[in-house]
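2 protein chains.
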Amino acid sequence: MEGVDYLIDERKKAQFDVEAMKVAWAGSREAFELSDRMAKLVANDPAFEKFTRPMLSRKELFKNTLRKAAHGWKLIVDLRLTEEEAKWLRLYIDEPAYTDLHWGMFIPAIEGQGTEEQKKKWLPLARRMQIIGCYAQTELGHGSNVQGLETTATFDPQADEFVIHSPTLTSSKWWPGGLGKASTHALVYARLIVGGEFHGVHGTLRKLVSSLNSAVGKPVSNCIAVVCIYRLCGKMNLSIVYHRCFNEGFIVQLRSLEDHLPLPGITVGDIGLKFGNGAYNTMDNGVLRFDHVRIPRDQMLMRVAQVTKEGKFRQSDVPRQLLYGTMVYVRQTIVSDASKALSRAVCIATRYSAVRRQFGSRNGGPETQVIDYKTQQSRLFPLLASAYAFRFVGEWLKWLYTDVKQRLEANDFSTLPEAHACTAGLKSLTTTATADGIEECRKLCGGHGYLVSSGLPELFAVYIPACTYEGDNVVLLLQVARFLVKTVSELGYKQPVGTTAYMGRVAALMQNNCTVRTVEDWLNPGAIVEAFEARAARMSVACGRQLAKFENPEEGFAELASDLVEAALAHCQLIVVSKFVEKLQQDIPGKGVKQSLEILCYVYALFLLHKHQGEFLATGYLTPKQAVLANEQLRTLYSKVRPNAIALVDSFNYTDHYLGSILGRYDGNVYPKLYEAAWQDPLNDSDVADGFHQYVQPILKQKLHSAKL
Amino acid sequence: MEGVDYLIDERKKAQFDVEAMKVAWAGSREAFELSDRMAKLVANDPAFEKFTRPMLSRKELFKNTLRKAAHGWKLIVDLRLTEEEAKWLRLYIDEPAYTDLHWGMFIPAIEGQGTEEQKKKWLPLARRMQIIGCYAQTELGHGSNVQGLETTATFDPQADEFVIHSPTLTSSKWWPGGLGKASTHALVYARLIVGGEFHGVHGTLRKLVSSLNSAVGKPVSNCIAVVCIYRLCGKMNLSIVYHRCFNEGFIVQLRSLEDHLPLPGITVGDIGLKFGNGAYNTMDNGVLRFDHVRIPRDQMLMRVAQVTKEGKFRQSDVPRQLLYGTMVYVRQTIVSDASKALSRAVCIATRYSAVRRQFGSRNGGPETQVIDYKTQQSRLFPLLASAYAFRFVGEWLKWLYTDVKQRLEANDFSTLPEAHACTAGLKSLTTTATADGIEECRKLCGGHGYLVSSGLPELFAVYIPACTYEGDNVVLLLQVARFLVKTVSELGYKQPVGTTAYMGRVAALMQNNCTVRTVEDWLNPGAIVEAFEARAARMSVACGRQLAKFENPEEGFAELASDLVEAALAHCQLIVVSKFVEKLQQDIPGKGVKQSLEILCYVYALFLLHKHQGEFLATGYLTPKQAVLANEQLRTLYSKVRPNAIALVDSFNYTDHYLGSILGRYDGNVYPKLYEAAWQDPLNDSDVADGFHQYVQPILKQKLHSAKL
Ligand SMILES: Cc1cc2nc3c(=O)[nH]c(=O)nc-3n(C[C@H](O)[C@H](O)[C@H](O)COP(=O)(O)OP(=O)(O)OC[C@H]3O[C@@H](n4cnc5c(N)ncnc54)[C@H](O)[C@@H]3O)c2cc1C
Ligand SMILES: Cc1cc2nc3c(=O)[nH]c(=O)nc-3n(C[C@H](O)[C@H](O)[C@H](O)COP(=O)(O)OP(=O)(O)OC[C@H]3O[C@@H](n4cnc5c(N)ncnc54)[C@H](O)[C@@H]3O)c2cc1C
Ligand SMILES: [Ca+2]
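Here the protein sequences come in this chain order: G and D.
So the first sequence is residues 1 to 709, counted in the UniProt record's numbering.
So the second sequence is residues 1 to 709, counted in the UniProt record's numbering.
Hints are supplied without guarantee of correctness; some may be wrong.
Since the list can't tell identical chains apart, any single copy or any two copies may satisfy a pair.
As the list claims (entries may be wrong) - With a straight-line cut-off of 27 Å between C-alpha atoms, the simulated DSSO-like cross-links for lysine-lysine are: (1) K374 / K611; (2) K611 / K443; (3) K87 / K703; (4) K63 / K50; (5) K443 / K340; (6) K708 / K40; (7) K625 / K611; (8) K486 / K374; (9) K74 / K50; (10) K340 / K12; (11) K40 / K398; (12) K703 / K120.
No wet-lab data here; the hints were simulated from the structure.
Put together the whole structure using the sequences plus the hints.
Here you go:
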């Protein structure tokens, strides 16, 4: 029945003030109100309906996204929304679109890498959307290894232009969102070649580079600031002066601003279907090839490096590390998105687990709600706790980013490597856990979770690329490991900072073992954090010791890569746990709010401890007995979460529109709505399916031999 | 270039005879040849093209599947294929269709549960496909708890008919494959009510049942064979004689054999979109409601229980446990399918990992193949090993099934509970690992794995329901746990059999710890199996001890469910490991074949040991040092797998058609084919996207205010 709240009894069980928790989740009352306003704006606007999305063909789907994007932009303009409001509006529209890249990558990149002059020229155009831009870095052949990009940008001093070219098939730009159909411009990353044009194919280039290498004495492709000049006398009696530089970003117009047709020399299109039905297929991830496309010199972004009119390459005194600042920013938003995606999935699975009853009926009474099964709790509640943990670590990363920015402005680069490693690691940890967590939530919903109308399949399909873009999650953990190994090796003379500060206490962490003796002893933030510190420190040190056995450190690193990744993950988990603990040391208003969060914090930590108990035991920090006590405490904690479970997911304040799930409906009215929705499938348009007379009737009537198949 | 084998160098590295390994994988030369013939038959027939599948609308998709099913059936008839050949043919067509349920569930259920007479009547019709049947058990409200089904089948002695009825919304049949559009008949499971008609709604039924409960003294819904009679005088002055029986299966005709329209009283349709694009959406999983539909008495399957003309309910002397035999059969096929799905994913990821190069170029030479990175190996090779492990345990399960069948025919039920627990556990273990493994393979392919043309998204989407159907994987592990706990508690007086035989040596397994001292010591099947036995036995015993602390064993079981599931998994892993080891004690012909399989067996076991080292350490069987040695050995083993990796996946003998993956192409010609495929997306039909003029141009031209959105 409409209007009835089938979860009312669950909501009555809550032991904390849900409204206050909403504020704690949002970060502040203002943040809550802003986000709430935008959520309702979208939810109440039929233009943003999304139920039919998965049934659309690719073309209809894309057109529909263009429509929504336009409608969204109209609202932003008409209602004069602030940038912050616009961001939330786009988030709640909940449909990947070219605008994500335009606002999220193209504009920030120009802001970060453009000169004042360039910003003055391009930003107003972009901010008014008179041009639409995307971020074209990845190529068919290179993603993780950005240094290996093959697209060339050769400076032609005669014309004062760069010639952008795709010398090989694998140099085709491939993946950039918004590139395929929507963008008029792209920020293209390419190998800068100054001092002469280079027309070689890959093989020739390789010869050239290898000659350069022997000349310079170390691999050119690995050096960033070294600019080399080399003279080659080729068979064609051609003299080439070659400057091998870092990849640079170039603003390249792709399509006419009049008729939107690709400009001469540009081949551009969509790369085809991706995972899922609607999901990320609303985005025109694109392919792009250049055939000697010319752009003015001033369309190279020149904040950190310039090419002069005369064809001279110059590094400005703004250090290249500055660009890391943008990376910290982007990855910080990815962590924050992880908490959103995971909390959505958890909200759906939690509500449905309270609605769903299976087994355990006594005397003909109702069956047990599946949320009451301990196995269900032990799969679901750690994810609920993770959603909160990621929310708070994301908040902290936002602070870290502003801190880094301020320091950079004051020319203080000291914390940058640590901040960079930390965001890389947290991006990897949170996105992997979220992707796996969404799928676990789907399984927690049994068969019905497999229906698109549960919302979970599409959420999974649209989310998982976060594990890959902005750095493959394994490659990122290897970067963290590299930083940890370095930190350990320098302990003798360099004080570790930020999230690695605990390494400064390595001697104590190696020596002192856990002192927990009872189940209750585990309810102690100090004991918890120390356990995670000791495990992470011991694993890093063990890796360091193993590495020391290798003559060639690079070989050692390669050989031990798996162990290094485990150590890096241990370090990142420590960060999440300690930021959660730190959060709880702050004042958090509202009846029962802090207490409920404390329970979740313990759940998160002890769940990890149980899952990775092998590492805690192997490093000798824990005894088996202590691990058992932790596990027992965990069970008790689940019972404490149970009455609050629905209220804890209500606190995310998600509208039914944003959730997009019949199983996760706020009112719990699942079955009638599932039943209704089924009939909307096109297959139910007719009683007898299209194709029956051609392909089934002949079988039933044993007349297949004369049938036309 | 066409015709070039880009993986030829990889193939040359193989240290074993690939053709012999193909036979080992297939099980026998005959099996290999049969499967190879069917694979080629499908691959070379353009009627089975599947590249465009994900781009079709639901209706086109379904029609296309009907066409393929008809074409497949025509081949089967025309070529007079055997049942075995037909099974492989359907497998290689690689598209879920109503025929799967017809042949895989409907027919076997009649074979298992029908009387001789019933089989004589229905099987010829079904085998000639003059009728199409599905298996309708699950309802909107009940899946795992089959005992809770609400559909009623009330016997009307006057008419000698059953009245099939859906008394509640949640009693609607929901999920059965082939039900929505294709089937003419369904095998419907329903609560049998004999001795009077029952017209109550759920509430009334509940009252009735609770009265029955108090009369009988224990929950009626839990007792199987007890038939109770009770007399109620309702308000309507109606006297009801009520036989509460086990759910029974009924053959119900759903659609006219003339025009395929649903028969009177039948509401039937498709339940809507499921995960993925093509994937399982080729199947018409259906919803079905009955409004007092009448069927003749002899359409209840009566092998184990009968209702007589007079309305008497009788159990025959064929025990109900016999039905478990069918379950063992079906789950055995699921394990075998797991090895197929996982090996497909692994084949794609392995080949692509050899093609893909990223980082590590020296002197301008080619970059490192990503398969050479230890992290890539440590993620990929255990999955490769798992595919082989599941293949062999599946083979063994097939043997187990024939053994069980023979025993049942000889009225020996002694091994049935163990066989039942064992197949339940192996179904759970292999399908969970396969689902996770496919997704890991996708991630191993970086960005390109996210493209549908990689084959991996659709493989994942179509595979994952295997974790849910035929028993939710967690519910199944709980069943295994129950069996283990029982086995442990009876150790004093009952010799454990089959896969639990090791429990008979529990004292030794509790006492003796691992004796490994060097890295090489781990290359010892005895040491490996003993480690897994000790861990499983110790975990089961620990659970038993914990359970003993509870007054009410059921409460204890519920409270400790998570730990019990872990113990059950440990037991199941032991089975897989020991069946792999046993396989290697057989004669396996072919140069290097056995040696290569031995390496994989060690990889599988030591990978599990590392992953679950917490359990091996916590139970005290291993020391941290021994765990480290195992991990070191594992690294060495990866290096031994490396040169054989491509050959090991070639040995699956999959055609490019069956793989359906550009990344997994046999010839490794990935990039040109990815590039070509992109242009086939409908979005690339025109240079300017549909919707541009309406929804993008007005933005660029700042004319949104006057645009029609
Ligand atoms: C949906 C989506 C949207 C995207 N949007 C954009 C965009 O807007 N703009 C853009 O420029 N790009 C975009 N990308 C591309 C994305 O950034 C790359 O896919 C990503 O950087 C991963 O690189 P890759 O695909 O080359 O993976 P690979 O590097 O090829 O990864 C393959 C495997 O190799 C492993 N591997 C690679 N290097 C190493 C190493 N050194 N050590 C150990 N293992 C290694 C990886 O772990 C992985 O398992 C997008 C991608 C997707 C999926
Ligand atoms: C693609 C697909 C095809 C199918 N085909 C058919 C078909 O042809 N015919 C047919 O009859 N059915 C079919 N089904 C239905 C399928 O058999 C059920 O979905 C399955 O049995 C799981 O039951 P459920 O959906 O009720 O899950 P639920 O039991 O509702 O599971 C929900 C959650 O509760 C948990 N849970 C449930 N009980 C317990 C317990 N006692 N202890 C602890 N945890 C518990 C589960 O672990 C899960 O996390 C199909 C399903 C799918 C997805
Ligand atoms: Ca589709």
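Each hint, compared with the structure:
For the homomeric pair K374 and K611, the shortest alpha-carbon distances inside one copy (16 Å) and between copies (23 Å) are both at most 27 Å. Proximity of K611 to K443 under the C-alpha cut-off of 27 Å is found in both arrangements, the shortest distances being 19 Å within a copy and 22 Å between copies. In this assembly of identical chains, K87 and K703 lie within 27 Å of each other by CA distance solely across copies; the values are 22 Å between and 61 Å within a copy. In this assembly of identical chains, the alpha carbons of K63 and K50 lie at most 27 Å apart whether taken from the same copy (13 Å) or from different copies (26 Å).
Taking the closest pair of Cα atoms, K443 and K340 come within 27 Å of each other both inside a single copy (19 Å) and across two copies (22 Å). Taking identical chains as interchangeable, the C-alpha atoms of K708 and K40 lie at most 27 Å apart only when they sit on different chains, with a minimum of 23 Å there against 54 Å within one chain. Taking CA atoms no more than 27 Å apart as the test, K625 paired with K611 passes in both settings, with 15 Å inside one copy and 20 Å between copies. Taking the shortest alpha-carbon separations for K486 and K374, only the inter-copy value of 20 Å comes in at or below 27 Å, while the best intra-copy value is 43 Å.
For the homomeric pair K74 and K50, the shortest alpha-carbon distance inside one copy (19 Å) is at most 27 Å, but the shortest distance between copies (41 Å) is not. For the homomeric pair K340 and K12, the shortest alpha-carbon distance inside one copy (25 Å) is at most 27 Å, but the shortest distance between copies (49 Å) is not. When the C-alpha separation of K40 and K398 is checked against a cutoff of 27 Å, the pair qualifies only within one copy, where the shortest distance is 25 Å, while the shortest distance between copies is 57 Å. Proximity of K703 to K120 under the C-alpha cut-off of 27 Å is restricted to the inter-copy arrangement: shortest distance 23 Å between copies versus 74 Å within a copy.
When each numbered hint is compared with the structure, no violation occurs for any of them.
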